[in-house]
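Based on the sequences and whatever the hints tell you, model everything.
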Amino acid sequence: MDKTATLEKTETLKALKIDEHIVEIVSDSGEGAQKCGVSFAAISAKMGNGVWTVEIIPAEIQPPARSREGASGIRIRIGSKKITNSGNEANLVIALNEQVPYGRIDQNAYKEGTTMLLECKWATDPSKDIRKKYADALADFKSRGYNVIEIPMELECLKVVKNARKGKNMWVLGMLCYIYSRGIEKGETQIKNIFRKKSDKIINSNIDLLHAGYKWAKANLNFHYDVPGMDTDEKMVVMNGNEAIGLGVAASGMEVCSMYPITPATSASHLLAEIFKNFGGRVHQAEDEIAAVGFAIGSSYAGKTAVTITSGPGMALKTEFLGLASMAEIPLVVIDVQRGGPSTGLPTKVEQSDLLSTIYGMPGDAPKIVMATSTIEECFHFVILARKLAESFRTPVYILTDANLATGQQPYPRPKIQKDWFAPPIDQSPWKDEVNPYEWDANTGLSKRAIPGQAGGQFTLTGLAHNSQGKVSYHPDENQESSELRSRKIASFQKTLKPPTINGKEKGDLLIVGWGSTLGAISEAIDIAQNEGINVSSIHLRFLNPLEPGLKEIFNNFKKVITIEINYSDRVDNPQFTDDNRRYSQLSWMLRAHTLTDIDCYSNVEGQPLSPKRIVDVIKHKLSNL
Amino acid sequence: MYGLNTDIALDSPSKYYSIENYAKGVARWCPGCGDHAVLANMQKLLRDKQMAPEKTVFVSGIGCSSRFPHYMNTYGFHGLHGRAFPIAEGIKFRRPDLDIFVITGDGDCTSIGAGAWIHAIRYNMNMTVLLLNNEIYGLTKKQSSPTSRVGTVSNTTPDGSILPPISPIQTTLGVSNASFVAQTTDWNPAHMYETIKAAYEHKGFSFVHIIQRCPIFQGALADEQVANKDAIVYLNHDNGIKVDDTIAKMFKNEINHDPTDLSTARDLAKDSSKIHMGLFYQDKDAPCYDDYGASNIGFTVEQKEAALNAEFDKFAI
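Just so you know, the sequences run in chain order A and B.
If you're matching positions, the first sequence starts at 1 in the working numbering and goes up one per residue.
If you're matching positions, the second sequence starts at 1 in the working numbering and goes up one per residue.
Derived from the structure by calculation, the hints contain no laboratory data.
It cannot be assumed that every hint is accurate.
Stated by the list, open to error - Computed spacing ranges between beta-carbons, pair by pair:
no., chain 1, residue 1, chain 2, residue 2, range
1, B, G115, A, N108, 43 to 49 Å
2, B, G115, A, S343, 18 to 24 Å
3, B, S295, A, K419, 21 to 27 Å
4, B, S295, A, H270, 51 to 57 Å
5, B, P158, A, Q494, 52 to 58 Å
6, A, K35, B, G115, 34 to 40 Å
7, A, N581, B, P287, 55 to 61 Å
8, B, K242, A, S483, 50 to 56 Å
Stated by the list, open to error - Under the rule of at most 35 Å between Cα atoms (straight-line distance), these lysine-lysine pairs were calculated in the DSBU-like manner:
no., chain 1, residue 1, chain 2, residue 2
9, A, K128, A, K186
10, B, K49, A, K471
11, B, K142, A, K471
12, A, K215, A, K159
13, A, K82, A, K215
14, A, K432, B, K15
15, A, K471, B, K203
16, A, K235, B, K314
17, A, K197, B, K142
18, A, K277, B, K55
19, B, K24, A, K432
20, B, K24, A, K419
None of the values given here were measured: they were computed from a predicted structure.
Note that beta-carbon positions come from the ideal geometry of N, C-alpha and C, so glycine has one too.
As structure tokens, this is what we get:
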């Protein structure tokens, strides 16, 4: 049964130096694969490695055990250089049963030659059915060309602890520490940190498991790697996108986060709920999504700008209030951690499908600022920027991030704190009598807001059409003018933006346009394609409304322009879809209208981060049809 | 100046506010509408309490009564249909210095805003809430509302409404953490004044149900309510809402109801054949969510900077 016992080791193996590796840990839900993976990622980041992680999350809390739909876990890509995306197929997979890998095989996550470390306790399971399933899967994995190594993980854990289900993940961490030459002491430090709220007994038992896993791997495995880290003096932090957003909220000086639980956005509020008290802030869990944004709007109106954090279905519910924020010019920060849609869609999976609904998805004309983060670092900094823009332009500001960034871990330079990040105290000085509640500047549309408490500033804010005095007005000219002034704010903001940086040559055969979390994968694909001699460049947009300037000029220098996005578009290879009826992906749709350029698109709704390999294929395919 | 301790100098009121200081514009409700009486009483209350207009915020939803903030020379927030409560909660959460009034109607509160209403009761934030209930949709021209009584003929129920109405008092009393529940009518302005005054003085979510007339769409109902003095019962108690003796004498019926007795309050609310006027229930000790919200205001930039550095340390590598 114990095949590894046949692996004879006579001497200490020398570590094979490699540039990067992709590791996956897959298990049933609740076996701690993610904790193990995040720990491994943090240890690697501390050793100077570039790191990117993606969580593999089933849609249910307790899906059936040993099932492909129950695959839960994490992918960790580590490298000697900066890592910007989750990469292509995995090099090494640790599977705690033989069924869960199928959830990933369905997503083409493995390839011939992928090493699979497989828990082999199922081979001797009392159930005949399970034994058969295990044997069948094992044969299948081998026929797929995976390098399968059966490991008695449970058995080994039971030598250390009574219940192996809790703790096997730390045994696996020990094994990974050996395989990738991570010092065992780094593993110990990590365990002490993650279990800091637990008893010494629990900490010590986990450390024992870590050592056992390490020792077992050293004694039994015939491979051993070293992924050298970068030498840098720069101080770094490592976190996921939602944590970065939570910290960004605290760093922005906002003091109220009003939210309703929704996947995959909630963990940002979890962090805030824990730390906000140290910043003089409060998280309000409202009774529903509508109340959450209404509360934030009330809070903003009477004080410092507030934030609401949600995902697609929450955005849909908030729509009426968001229109009010535009109409009445209430500063507000709205963070949308996008997931698969429409409706309940794919709650735990990535999509970039809220772009059009965020910009256009409300009745009437509701101008606003919309930006999208493309890295974990931007998740932090954009919140601070959003708070400032919301106040300067007296408008709601939206940040679109997504499920890929939300749970993905990446190191980035520790931000140097600036005092002006934190919002100043609210203005309570007397209001000048002659100043109207909407004293719109004719050129910029900007006006100063009166905050309750400012004597002489009393006015009744309304979502009805209103004039500069804040009075309800049904006058045709006044509605036309006030609508235009609200739009003029966005135009004046657009004048402060710079054209996007072009990654690659300024002229060429193909230009890729992306936005959001696909930045890393697109950049890596462009590098690969350029190395193969393909004349392709890319730009990545951070501001979606208003759009960054100079786009048409950039597009004109390329034979073909396509957007690459994670949302729906009609594929042209189906005869039902013609030039006459094809529905384009969301950014493509916008850019076509904005620049009157024939912009093509590649997009899908498979719920997965795009891999560089897939993008290279798209590039080649599009160029072959030039 | 040497020898003068400014700390003990008393503030003399720099300004006396008269009713005119609180009034704004000309109310555009129909002649005979109950809203006018509420507005007049409200302006009087602000005058009597000398509330600073800049420290007072009127929040409303959408509907006839929700036009109210436009006629008050205070800060006002004329929000969305059914959503006055979340807005008011957000305002109050970090502004203990502001006095908050919510003006809502039967459609706004008990229909489209019912969810927010239930939770607003539970949050028990310090605000005075007036539900102006005319049992009909007026602004959209006569549709039945959840408080319309059975048989109400309207544009959406031309054969008469069939479902029993929601009782706002009964519903409010059914929610945990309710802290102040009172009822009055638009045709007894003196009682109404004392009721909204008591509501203002209560710390917490003070819910006042005002039964009022819509002479345009509910004319017959109004006449019947005002005429039927037998149906009106004055809730009289030392801890209740006091009215002047001359006003108290006008009531044909009264009962001695202790406003700390929730069970009896619920029994009274169940009886739809009577209009009970006064304080159904009061709990002065119910926890207020805004006490929590405002308990950590005023951190300095230095405090926040230190907190942020501590957080970065946790994520440092």
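query: Falls inside 18 to 24 Å, the C-beta gap from G115/B to S343/A?
result: holds (21 Å)
message: Does K419/A sit within 35 Å of K24/B, going by the straight-line distance between their CA atoms?
response: Violated - the C-alpha atoms of K419/A and K24/B are around 42 Å apart, more than 35 Å.
query: Is the straight-line distance between the alpha-carbon of K82/A and that of K215/A 35 Å or less?
result: holds (30 Å)
- request: Just tell me: holds or violated, for the beta carbon distance of K242/B and S483/A against 50 to 56 Å?
  value: Holds: the Cβ-Cβ distance is about 52 Å, inside 50 to 56 Å.
message: Holds or violated: K277/A and K55/B, Cα atoms, limit 35 Å.
response: holds (26 Å)
query: Are the Cα positions of K142/B and K471/A separated by 35 Å at most?
result: Roughly 27 Å separates the two Cα atoms, so the pair holds.
- request: Would you check the hint for K215/A and K159/A, treating anything up to 35 Å between C-alpha atoms as holding?
  value: holds (13 Å)
message: Given the hinted pair K24/B and K432/A, is their Cα-Cα distance within 35 Å?
response: Within the cut-off at roughly 18 Å; holds.
query: Should the hint that S295/B and H270/A are 51 to 57 Å apart at their CB atoms be regarded as holding?
result: violated (21 Å)
- prompt: Given the hint that K128/A pairs with K186/A, does the C-alpha gap stay at or below 35 Å?
  reply: violated (42 Å)
query: Between K471/A and K203/B, does the CA-CA distance stay at or below 35 Å?
result: holds (32 Å)
task: Given the hint that K197/A pairs with K142/B, test it: the Cα-Cα distance must not exceed 35 Å.
output: Violated, at roughly 61 Å.
Violated hints, in rising order: 4, 9, 17, 20; the structure is consistent with all others.
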